[in-house]
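For the protein sequence lines, the chains are P and G, in the order given.
Numbered as in the numbering used here, the first sequence ends at 455 without a single skipped number.
Numbered as in the numbering used here, the second sequence ends at 388 without a single skipped number.
In case anyone wonders, no lab produced these hints; they're calculated from the structure.
Just so you know, not all the hints are guaranteed correct.
Non-contacting residues of chain P with respect to chain G, defined by C-beta distances greater than 12 Å in every case (computed) [claimed, not checked]:
(1) G208
(2) S305
(3) D343
(4) T416
(5) A441
Once the Cα atoms are required to be at most 30 Å apart in a straight line, the calculated DSSO-like pairs of lysine-lysine come out as [what the hints assert, rightly or not]:
(6) G:K217 <-> P:K257
(7) G:K274 <-> P:K257
(8) G:K274 <-> P:K357
(9) G:K217 <-> G:K274
(10) P:K357 <-> P:K257
(11) P:K360 <-> P:K257
(12) G:K217 <-> P:K360
(13) P:K396 <-> P:K257
(14) G:K125 <-> P:K357
(15) G:K274 <-> P:K360
All residues carry an ideal CB built from backbone N, CA and C; glycine is no exception.
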Amino acid sequence: MAAKTRNMFGGGQLARWLPWLMLLPGLGFYFLIGVGPSLATFFYSITDATGIRGIPINWIGFDNYDEFLFQGARSRDNVDALRRTLVFMVLVTTIQFTVGLVMAVLVNQKLRGRLVFRTLFFVPVILGVAVQGLMWKLFLRPGGGPMDSIFGWFGLESQFLAGPNAFYWVIVVQIWANAGFTMIIFLAGMQTIPADLYEAAAVDGASGWKLFKNITWPQLTPAVNTNFLLNIVGSLQAWMLFLVLTGYKNGTQVLGYVVYAEAFGQTGTSSFRQGYAAAASIVLFVLVLLIGMAANAFVNRRERKYMA
Amino acid sequence: MSVISDPDIDADTGTETAAVQDDSAKRRRTLRKVTSYGLLVLFASFYVGPLLILIFASLKSLPEFFRNPTGLPESFSLDNFTEAWELANFPGYLLNSLIYTTVATTLFVIMSVFVAFPIARGYVKGAGALLTLYVVALFLPPALIPQFQLILNLGLFNTRQGYILLFLINPIGLIILVNYIKSIPRELDESAAMDGCGYVRFVWSILIPLIRPAIATVTVIHAIGIWNELILATVYLTDDDLYPITRGLIVFEGVYGSDWPKLAAAVLMLMLPMLVLFMFLQRYIISGLTSGAVKG
Numbered sequence: 148m149a150a151k152t153r154n155m156f157g158g159g160q161l162a163r164w165l166p167w168l169m170l171l172p173g174l175g176f177y178f179l180i181g182v183g184p185s186l187a188t189f190f191y192s193i194t195d196a197t198g199i200r201g202i203p204i205n206w207i208g209f210d211n212y213d214e215f216l217f218q219g220a221r222s223r224d225n226v227d228a229l230r231r232t233l234v235f236m237v238l239v240t241t242i243q244f245t246v247g248l249v250m251a252v253l254v255n256q257k258l259r260g261r262l263v264f265r266t267l268f269f270v271p272v273i274l275g276v277a278v279q280g281l282m283w284k285l286f287l288r289p290g291g292g293p294m295d296s297i298f299g300w301f302g303l304e305s306q307f308l309a310g311p312n313a314f315y316w317v318i319v320v321q322i323w324a325n326a327g328f329t330m331i332i333f334l335a336g337m338q339t340i341p342a343d344l345y346e347a348a349a350v351d352g353a354s355g356w357k358l359f360k361n362i363t364w365p366q367l368t369p370a371v372n373t374n375f376l377l378n379i380v381g382s383l384q385a386w387m388l389f390l391v392l393t394g395y396k397n398g399t400q401v402l403g404y405v406v407y408a409e410a411f412g413q414t415g416t417s418s419f420r421q422g423y424a425a426a427a428s429i430v431l432f433v434l435v436l437l438i439g440m441a442a443n444a445f446v447n448r449r450e451r452k453y454m455a
Numbered sequence: 093m094s095v096i097s098d099p100d101i102d103a104d105t106g107t108e109t110a111a112v113q114d115d116s117a118k119r120r121r122t123l124r125k126v127t128s129y130g131l132l133v134l135f136a137s138f139y140v141g142p143l144l145i146l147i148f149a150s151l152k153s154l155p156e157f158f159r160n161p162t163g164l165p166e167s168f169s170l171d172n173f174t175e176a177w178e179l180a181n182f183p184g185y186l187l188n189s190l191i192y193t194t195v196a197t198t199l200f201v202i203m204s205v206f207v208a209f210p211i212a213r214g215y216v217k218g219a220g221a222l223l224t225l226y227v228v229a230l231f232l233p234p235a236l237i238p239q240f241q242l243i244l245n246l247g248l249f250n251t252r253q254g255y256i257l258l259f260l261i262n263p264i265g266l267i268i269l270v271n272y273i274k275s276i277p278r279e280l281d282e283s284a285a286m287d288g289c290g291y292v293r294f295v296w297s298i299l300i301p302l303i304r305p306a307i308a309t310v311t312v313i314h315a316i317g318i319w320n321e322l323i324l325a326t327v328y329l330t331d332d333d334l335y336p337i338t339r340g341l342i343v344f345e346g347v348y349g350s351d352w353p354k355l356a357a358a359v360l361m362l363m364l365p366m367l368v369l370f371m372f373l374q375r376y377i378i379s380g381l382t383s384g385a386v387k388g
């Protein structure tokens, strides 16, 4: 093995170190701005760091965590934000998973124009939050916007992003923006299912729902699991559409937005509470880790059941 | 993997006539087709609808938009586009986005090939551990706050260099490169070395052309990420001259946001390059995004 992995380019002293030398810039940057800062989040969470250069940073133990979760009215908002994050996760995951699956089943049939539909459903994924958000902000303009006048045809009324249901409208946009990604992963899974499985079942007289239940669904297990995990972890961390669509309103936000707003003075007080925000981001990280691990355990059990 | 564009559709439509079918099976099939198209059109309306309304809005005057927010415009005029273009510093924003995207992507891809190759081949000690380090990154807490402290203390806050620095990493991109390089036969290294080809020259002029598909994929997903970035542009840049197009668009919305037709025109101007790019590069975009998901 040792002989096999030896670098055989050149023979001199310098040549032997070349792979390392050439690797260092990439790896160095990765430590400097990737792994290093990631891990340092733990460190900052136990300090009173601000976003101002030159102000000394003091170690304050777990005060940030205590304040974030237990002290005063703000902590009640934070716990609400935590709860809202979970609601966001449950709604986005279930709806996006279902919509993506239905889309994939539809465009996986041999129908004319299916390529157009696939492209159409996928395109929002690559547009980015600024375009996604502004497009829908215009569409959902309250008081005489396009969606408002469509609602009017049916005698409905809503303030959309300005009203009490703004949170749910953000969920709609979130799903609209990402369902195509879920669809593509399902589609990739469906294209690996051998066609003769369907042919054999069709000879036995199975069709439609039976085919889906007995062949597609179990065969799709890897894609189902991937989408399940990605949707859960992704929706727990998603918050950028809130930034574009609703802006920060204290007491209406998900956890990821609280972290950003506290760290960069967007809460209305304009103070950069970066130690506090780091603690909040560790709280979110632990939440993602716990739920992600639980989801992963569930998925592994499912895999054993179906793939055995 | 080309999930969207598999061309086998038209080949299959003729096969039904070969099979002998009774009426009820045929009727069921027709019913399913009609239901499928019904559902597809319903879904599609959520995607085409907002886009059409955006395009219509961009062609209307503000009073016309208020009178008729959904319908076709009364006349065809591109005034909103020219005015939006002149009102905000869109040429500057676009140029900034281009600079950030090309410089950071080029640097990242070149550095990454030199990281991925020795890791894939085991030419450096601890190659396995290094790879694990990139995989683990996907599960670490966000780097946002310490990153900010770092850029601030390096004196790179609100500078082009500082902003570009943030985009010199992408663990998923690196993993894609490593996996692809593993599929290139090792014998190639050996024969090249035998012929006296040096390490750097081998990577640069033999390996890179061979792994072009993977490089295209990584380039495309990395570039899209930079082009679409809004949060880091909001955090690190305070100078209007340095804003990329995403941030510029949000600034434009802040100032002219009540002039919806102009905003629609501005959004479309940012969207069109991405749509055109997608049409040409969708194979790489989709394979990049899905391989990141499946392997990560």
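Please confirm whether G208 of chain P is truly not at the interface, meaning its C-beta sits more than 12 Å away from all C-beta atoms of chain G.
18 Å, holds
* Asked: Does K274 of chain G pair with K360 of chain P here, judged by a C-alpha cut-off of 30 Å?
  -> 37 Å, violated
Can you confirm whether the C-alpha distance between K125 of chain G and K357 of chain P stays at or below 30 Å?
Within the cut-off at roughly 17 Å; holds.
- Does K360 of chain P pair with K257 of chain P here, judged by a C-alpha cut-off of 30 Å? Status holds; Cα separation ~19 Å.
Check whether the Cα positions of K217 of chain G and K257 of chain P lie no farther apart than 30 Å. 51 Å, violated
CA of K274 of chain G to CA of K357 of chain P, is that 30 Å or under? Answer violated: K274 of chain G to K357 of chain P is near 41 Å, above 30 Å.
Next on the checklist: Between the alpha carbons of K217 of chain G and K274 of chain G, is the straight-line distance 30 Å or under?
Outcome noted: 17 Å, holds
**Message:** Tell me if the straight-line CA distance from K396 of chain P to K257 of chain P falls inside 30 Å.
**Reply:** Distance ~47 Å between K396 of chain P and K257 of chain P Cα, so the pair is violated.
Compare the distance between the alpha carbons of K217 of chain G and K360 of chain P with 30 Å, and conclude whether the hinted pair is satisfied.
-> It is violated: about 49 Å lies between the C-alpha atoms, which goes past 30 Å.
Checklist entry - Are the Cα positions of K357 of chain P and K257 of chain P separated by 30 Å at most? => result Holds: K357 of chain P and K257 of chain P sit about 18 Å apart, inside 30 Å.
Whether A441 of chain P stays farther than 12 Å from all C-beta atoms of chain G, as the label says
15 Å, holds
*Does the no-contact call for S305 of chain P survive, Cβ to all of chain G over 12 Å?*
With a cut-off of 12 Å, S305 of chain P remains clear of chain G, as the shortest Cβ separation is near 15 Å.
Consistency with the previously given hints fails for numbers 6, 7, 8, 12, 13, 15, ordered from lowest to highest.
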